[in-house]
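Undergrad: Take a look at the letters that make up each chain.
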Amino acid sequence: MWANVLVANVTKVLIEMRRYLLNTISLVVTFYVIFLMLVLGINVVGDPNAVDDNVRFLLVGNAVWFLLLTSVNSIGWEITTEALRGTLEQLYMAPLAARWILLARLVGNLAVNLVVVAGMLVLSMATVGVWLSFDVVTVLALLGPMLLGAVGLAFAVAGLAIVYKQIQAFLQVFQFVLLAMAFVPPSVAPWLVFAPLVKGIDMLRASLVDGVGLEAYAAADWASLLLNGAVYFGLGLLAYGAAERRATARGLLGRY
Amino acid sequence: MPPSASATPETALRVRGLRKAFPRRRQPPVQAVDGVSFVVERGQVVGLLGPNGAGKTTTIKMVCGLIRPDGGEVEVCGVDARRHPRQATRHLAAVLEGNRNLYWRLTARENLRYFMGNRGRSGRSVAAAADALLKRFDLWEKRDTQVADLSRGMQQKLAIAVAVLADTEVVLLDEPTLGLDVQTGDEVRRLVRELASEGRTVLLSSHDMDVVQDLCERVVIIAEGRLVADEWVATLMRLFASRAYDARLGAPLSARQSEALRRAFTLVEITDDARGVRVDLERSDDLYRLIDVLRAERTPIESLDRVIVRFEEVFRHLVRNGINGAGIVAPPATVAARGRQEDAGVG
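Protein sequences, first through last, are from chains E and G.
Quick note on numbering that gives the first Met the number 0: the first sequence kicks off at 0 and runs consecutively.
Quick note on numbering that gives the first Met the number 0: the second sequence kicks off at 0 and runs consecutively.
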């Protein structure tokens, strides 16, 4: 059953991306331009001996930020739109719990946006002539638990949206929180390893920038990554469940 | 027997003692629904009626599992909807608030397939049924048009098509004809009739009493969150229609005649020109008394017709008189008993 739900939601994401093609293109172009501006900045004011490393750092951060913005943050916008259009209530009348439909939607969003990010990354690398090290197995192994945490975070955002609806101001600010997650490494502040996604992004960066392979990471790193992903996924689901109970108790699902 | 007396194996929907209060900031909570109970048998088309803010939509949403009740029970096709909400929704589809149930950037066909996908059905398995429905609902020509570009009537029909394609025993329709032109409204009525003829159970909420009278065999009326009436439409119509008569007179009534009529009947309406009178004949010999008053001054009677009461008037009467300060004056059982007495020719 869930396979059909997943197919339906991935198809919907693809169709809507096609229908909002101009929006998608403009988002990619915006990120591309931001990236070029930052590269220009690095070239002008950065350490001339570390330009390539800094550009690689930027490439990863920019790509991760794009991915988080288009999947984690966008779920908040999507929920508010669905409440406004009345489709949110229809999702709640499906035989499968709405959170699993939402999960299918998130998986669809992540899958489609991963492809877009890959394209944007290749374009960015080709433009500046700096290439990242891609070990597909390592990247996928790191992305798994990292995205699990991202899904948890998305559930928390969705929960907020279900209860409060008008969270646009929060979402505007939250995109900068996501920016910080994507760019600030735990070396700056060690406690950041406990923050959602940061550990995973740091390991991903080490793999893409420095070519660190699967085997090079200590067991503690893997444990920390997996635990971080699982905990935030669980917390996100719990937060969403609590929001759902509050929304159904107060009749907020269809209200905007 | 009152329509909602008890649940049977044929019961599609059973609501018992449903209650819901919504909290308000620094104010006492609003009691939106207060102990509403009714039963809908399989294949019935039942109207859930009430004035604005009566608690209809809250009741429907509690049945759908969209609002958690404070108390009471909801059973859909024998499944306890509060304990097993997901199982209950397998038997239920709903169109809430008109055309606000569709994805506007998807086409008509894509919407049908997406919603069925969420019900766990593959695109291939529903393709033929979806196309057949689009033809049946006269939407075939618009199958590849985005919902945003469809007219309101088409959007409404598509929303109903989504509910029909779900192939559930119970279909809930909240204001299915709201904002539609006459022609599209008629089409929607036809579609609802078809649903009933397929043996589906329809619970319909509407402010359009013509639609209710046309489509529903039974009505459940709530006001201020409480049940006011639960009765067959035909019984209500008989109950209210049989007593009132309109007399058109060849000469105006004298002041003495008007006074005599007002003394003789509880409800009398006399037109401004005093050439028309409407009386509510409460007793079987009341018609003779009307004739006697008119004959006393040899007032010519041009016509004497039984008033054809519109369902809207019945509804208004029930809502107005069903509530009186502390509680319900005419509970459903009383209405039903009166209906049965009349059916049997009593009083």
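Source of the hints: derived by calculation from the structure; they are not laboratory data.
In this text, a Cβ means the ideal position worked out from N, Cα and C, and glycines have one as well.
It is possible that part of the hints are untrue.
[Unchecked claim] Which chain E residues face chain G? A few, computed with CB under 8 Å, are given here:
1) M0
2) M16
3) N22
4) P94
5) L95
6) R98
7) A217
[Said to hold, decoys possible] Incomplete in silico selection of chain G near chain E, CB under 8 Å:
8) L65
9) R67
10) D79
11) R82
12) L91
13) Y102
14) F114
15) G116
16) R282
17) S283
18) Y287
Undergrad: Are the hints correct? Go through all of them and say.
TA: Each hint, compared with the structure:
Interface restraint check for E/M0: the shortest CB-CB distance to chain G comes to about 4 Å, inside 8 Å, so the restraint holds. With its C-beta approaching chain G no nearer than about 10 Å, E/M16 sits outside the 8 Å limit, and its interface hint is violated. The beta carbon of E/N22 is not positioned within 8 Å of any beta carbon in chain G (closest approach about 11 Å), and the interface hint is therefore violated. Hint status for E/P94: holds, given a least beta-carbon distance of 5 Å to chain G, under 8 Å.
A least Cβ separation of about 6 Å between E/L95 and chain G falls short of the 8 Å threshold, and the interface hint therefore holds. Taken as an interface hint, E/R98 does not check out: its beta carbon lies about 11 Å from the nearest beta carbon of chain G, beyond 8 Å. Below 8 Å, beta-carbon pairs count as interface contacts, and E/A217 has none with chain G, the closest being about 43 Å; its hint is therefore violated. For G/L65, the suggested interface contact is upheld, since its CB lies about 5 Å from the closest CB of chain E, less than 8 Å.
A hinted interface residue such as G/R67 counts as satisfied when its beta carbon comes closer than 8 Å to some beta carbon of chain E; here the least separation is about 4 Å, so the hint holds. For G/D79, the interface hint is violated, since its Cβ never comes within 8 Å of a Cβ in chain E; the closest pair sits about 15 Å apart. Given the 8 Å rule on beta carbons, the hint for G/R82 is violated: about 15 Å separates it from the nearest Cβ of chain E. For the restraint placing G/L91 at the interface with chain E, the shortest Cβ-Cβ distance is roughly 7 Å, inside the 8 Å limit, so the hint holds.
Checking G/Y102 against chain E: minimum C-beta separation of about 6 Å stays under 8 Å; hint holds. Given the 8 Å rule on beta carbons, the hint for G/F114 holds: about 7 Å separates it from the nearest Cβ of chain E. Residue-level restraint check for G/G116 holds (minimum Cβ-Cβ distance to chain E is 2 Å; threshold 8 Å). The closest approach between the C-beta of G/R282 and any C-beta of chain E is roughly 48 Å, which is over the 8 Å cut-off, so the hint fails.
The restraint placing G/S283 at the interface with chain E is violated, with a minimum CB-CB distance near 50 Å, outside the 8 Å limit. Look at G/Y287: its Cβ only gets to about 56 Å from chain E, farther than 8 Å, so that hint breaks.
Hints 2, 3, 6, 7, 10, 11, 16, 17 and 18 from the list above are not met by this structure, while the remaining hints are.
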